[in-house]
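2 protein chains.
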Amino acid sequence: MKGNKKVLLKKYVSGYVEESDMEIVTNDTVYLKLPQGSKALLLKNLYLSCDPYMRNLMSKLDEPSYIDNFLPGSVIRGFGVSRVLDSGHSDFKAGDYVWGVTGWEEYTLITDTQSLFKIPIFTADVPLSYYTGLLGMPGFTAYVGFYELCSPKKGEFVFISAASGAVGQLVGQFAKLTGCHVAGSAGSDEKVELLKTKFGFDDAFNYKKEKDLGVALKRCFPEGIDIYFDNVGGAMLDAVLKNMRDNGRVSVSGMISQYNLEKPEGIYNLMNLISKSIMMKGFHVMDYVHLYPKFQEMAIEYIKSGEIIYLEDKAEGIENAPAALVGLFRGLNVGKQLVVVAHE
Amino acid sequence: MKGNKKVLLKKYVSGYVEESDMEIVTNDTVYLKLPQGSKALLLKNLYLSCDPYMRNLMSKLDEPSYIDNFLPGSVIRGFGVSRVLDSGHSDFKAGDYVWGVTGWEEYTLITDTQSLFKIPIFTADVPLSYYTGLLGMPGFTAYVGFYELCSPKKGEFVFISAASGAVGQLVGQFAKLTGCHVAGSAGSDEKVELLKTKFGFDDAFNYKKEKDLGVALKRCFPEGIDIYFDNVGGAMLDAVLKNMRDNGRVSVSGMISQYNLEKPEGIYNLMNLISKSIMMKGFHVMDYVHLYPKFQEMAIEYIKSGEIIYLEDKAEGIENAPAALVGLFRGLNVGKQLVVVAHE
Chain A
1 MKGNKKVLLK KYVSGYVEES DMEIVTNDTV YLKLPQGSKA LLLKNLYLSC
51 DPYMRNLMSK LDEPSYIDNF LPGSVIRGFG VSRVLDSGHS DFKAGDYVWG
101 VTGWEEYTLI TDTQSLFKIP IFTADVPLSY YTGLLGMPGF TAYVGFYELC
151 SPKKGEFVFI SAASGAVGQL VGQFAKLTGC HVAGSAGSDE KVELLKTKFG
201 FDDAFNYKKE KDLGVALKRC FPEGIDIYFD NVGGAMLDAV LKNMRDNGRV
251 SVSGMISQYN LEKPEGIYNL MNLISKSIMM KGFHVMDYVH LYPKFQEMAI
301 EYIKSGEIIY LEDKAEGIEN APAALVGLFR GLNVGKQLVV VAHE
Chain B
1001 MKGNKKVLLK KYVSGYVEES DMEIVTNDTV YLKLPQGSKA LLLKNLYLSC
1051 DPYMRNLMSK LDEPSYIDNF LPGSVIRGFG VSRVLDSGHS DFKAGDYVWG
1101 VTGWEEYTLI TDTQSLFKIP IFTADVPLSY YTGLLGMPGF TAYVGFYELC
1151 SPKKGEFVFI SAASGAVGQL VGQFAKLTGC HVAGSAGSDE KVELLKTKFG
1201 FDDAFNYKKE KDLGVALKRC FPEGIDIYFD NVGGAMLDAV LKNMRDNGRV
1251 SVSGMISQYN LEKPEGIYNL MNLISKSIMM KGFHVMDYVH LYPKFQEMAI
1301 EYIKSGEIIY LEDKAEGIEN APAALVGLFR GLNVGKQLVV VAHE
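From first to last, the protein sequence lines are chains A and B.
Under our numbering, the letters of the first sequence match residues 1 to 344, in that order.
Under our numbering, the letters of the second sequence match residues 1001 to 1344, in that order.
Calculated from the structure, these hints are not laboratory results.
A quick note: this is a predicted structure, and the numbers were derived from the prediction, not measured.
Note that CB positions come from ideal geometry on N, CA and C, so glycine has one too.
Accuracy of the hints is not assured; some may be wrong.
Listed below are the simulated SDA-like cross-link pairs for lysine to any residue, each with C-alpha atoms no more than 25 Å apart in a straight line [as the list claims (entries may be wrong)]:
hint, chain 1, residue 1, chain 2, residue 2
1, A, Lys60, B, Lys1263
2, A, Lys263, B, Asp1091
3, A, Lys218, B, Leu1061
4, A, Lys208, B, Ile1267
5, B, Lys1263, A, Asp246
6, B, Lys1263, A, Pro264
7, B, Lys1242, A, Asn260
8, A, Lys211, B, Lys1242
9, B, Lys1118, B, Lys1153
10, B, Lys1060, A, Leu261
11, A, Lys263, B, Tyr1268
12, B, Lys1153, A, Val289
13, B, Lys1263, A, Leu261
14, A, Lys263, B, Ser1275
15, B, Lys1242, A, Asp62
16, A, Lys294, A, Phe122
17, A, Lys263, B, Leu1213
18, B, Lys1060, A, Asn247
19, A, Lys11, A, Lys242
20, A, Lys208, B, Lys1153
Chain A is nowhere near these chain B residues, computed Cβ spacing over 12 Å in every case [claimed, not checked]:
hint, residue
21, Lys1044
22, Gly1088
23, Gly1095
24, Lys1263
25, Ser1277
26, Glu1297
27, Ser1305
28, Ala1342
Only chain A is shown next, with the shape it has when bound in the complex (with noise of 0.2 Å):
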C-alpha cells in the first residue's frame, strides 16, 4: 500500500480555469499489486501532459461530448507517459512503458486499456517524456492535421498559430520539411524569437503586439495562405479566412482562444470559404489511429537525425499540474506544457 497524490476537479469552471478549480488529495491509498485475477493494469504514472482540450471536459456541458466531461470530485483525466506496476492483460507486462489516457494521480488502475499504447524499446534512445508531446498525442495532431489533412504541396504558404506550442512547433517543421514557406504566430516576443531561430520558421509575429491581425498576416504572406493549422480559433481565423488563397485549406485543429470564454466570438469571415474554395475540417486525431506507426517511425528517423527538435516545458511534481494547466490558457508555457510526476 502506497499514498496516491491526485489532482481532482473540485467544481465546474466557467470562464478561465483557476488553481482553486482544482484541488490536491494526498490521504488516498493505493495497493501496488493486482487482486488475484484482475485484468486490468496498475500505473506508475511518470509524466502527464497539460492539453488545451481538458479545458473543454471542465465544464458543464449542455449535450455530451465525444469525451466524456470531468466530474466535480473525480480525479482529472489526461494523456501521460506511465510505467507498468502489474498486469493482468495480456498485451502488457509489468516494467512496460505506455503512453495514452490516464489519471492525474501518482498510480492509476486502468481497467479499459484501449487508450493506452505500448512504448517500443526501439524509441529508448529517446525521451520518454516525448510520448506526451512530439511522440504523443499532440505530435500525432500535427501530423493528421497537418499531412492528413491538408496535402501539403512543396512552396505552398503555410501559417500556424501558437506555433510554438506541443502540436505548432511540429507543424512549423513538417512544413519546412515539406518545403512550404512557414510564418506562425506566438503570444510574446520570446517566444517569436523561438519559432524563427530555433524551429526555422520563415516569419513569425506576437500576435499581442499587432493592432490588425491582417495586416501582419499580409505582411508575412503578401500572396496569401494556402495552409492554415489553427490552434486558436476567435480572431485570428477570422483574419485569416479573409488572407487564404483560391483552394486554401484550414486544419481545425484547436480553438484555444475561445476555451475560456463564457460566449465564444463571432466569425464574420466564412463567406471566403465560396469565393475561395476552402476546406476547413475538424478532427479527432484517434479516429486517425491506423497512422499513428508511419507517424512515429517517421517521427523518430527525424529526431535521430536532428531534422526534428522538440522544446518542452516542465513542471516538477504533481502538486504543480493545476498551475501548470492553468497557465497553458495564459500561454506562460513555452514550449509543450508537461509535468514530471516521478522520473521512472
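Starting from the known structure of chain A, arrange chain B on it as the hints suggest.
Frame of chain A; chain B shown alone:
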C-alpha cells in the same frame, strides 16, 4: 442591324439590390452577321438565369474575386441559354444551342467561348430552359456539392436550406434517390408545401415562422444532421453546426442571407468542427467541369424516367429581368428564377 435591349448596372449596389440599381437600355443596335474572319460567336439569348452569386458582383469589391465584378454602365453578365446566329469558331455553327456565360441583352457577341457549352442534340426532348437550372450551373452545383463533396451514404440525415430554390430542390431529390432522410427549410408555407408534396422531402419548415431554428432542426433531426447543403449561411448555418453529427459534412454552396448585408452576421458555433470532426467546403462548380458530362447523362436519365422533376419560375421579357433578380433576394421566386428573352 437590329435593336439590342440590354440590362446595365447603373451604379454599385450597397445593401439590398433594387430595380433602380439597374437600367434597361434600348438605343443600342447590333449587326446580326459577324465580320469576315472573326473567330467570335454571335448569340441570340433565349433564357437568362437569375443566380444569387450575381449580387456579389454588383458591389465594389475591396479585393479582386475569382469572377470579375460588374462595372457601372456595363451590361450584366450571367448564365443563359442562347442560339448561335453566326459563328467564326470551328466548335460552333449557326443554329447550335449553347449554355454558359452571356450578357443580359437580346444579342451577345462572345469572343471568349471558354464559358460556353454546346447543348447536345440528344437532349432535344428536354426543355431548353433547363440549361439555366437543372442541366446548367445550379443543377451541376447540386451534383458537385452533394455527391462530390459530401459522399452521401444511404440512411444519412440531410438538411438543405433554400430548399425549393434552383439548387436546393435538386439536392433534396438527389438525397432521396440516395436513400437519405431529407428535410429542408424555405421562406413561405407555399414552398414548404412544395417540398413535402412535389419534391418528396421527408420534412420541411418555414424558417420565418420559427422562433428558434435550433428547435426546428431538432424536430426534423432528433438524431442530428450528417450532411448540410448550405445555400443561405448566417443564423441558419450557425444553428445547423450545433445540430451536426460526428463526421458531418457541410457543402458551402451559397450564403444568400448574407449577400445584401453591409456586414455579415457572426458565426459562433465553429467549435463544433472540432468536437464533431466536421468538414466544411466551399467550391467553384466550374472547377469540376470535367464531371459535367457524367452529371448531364445522369440528370437526363432521371428527367426522362420522371424520377426528378424541376420547378421553374419564368419572368417573361428582358425588361422584367431586374425585377426577377431583385425578387430572388426577397424570396419571391418559387423554384428556379429565370427570364425568358425569346422562345427561339
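Which earlier hints turn out false for this structure, listed by number in ascending order? 1, 2, 8, 9, 10, 19, 20, 24, 25
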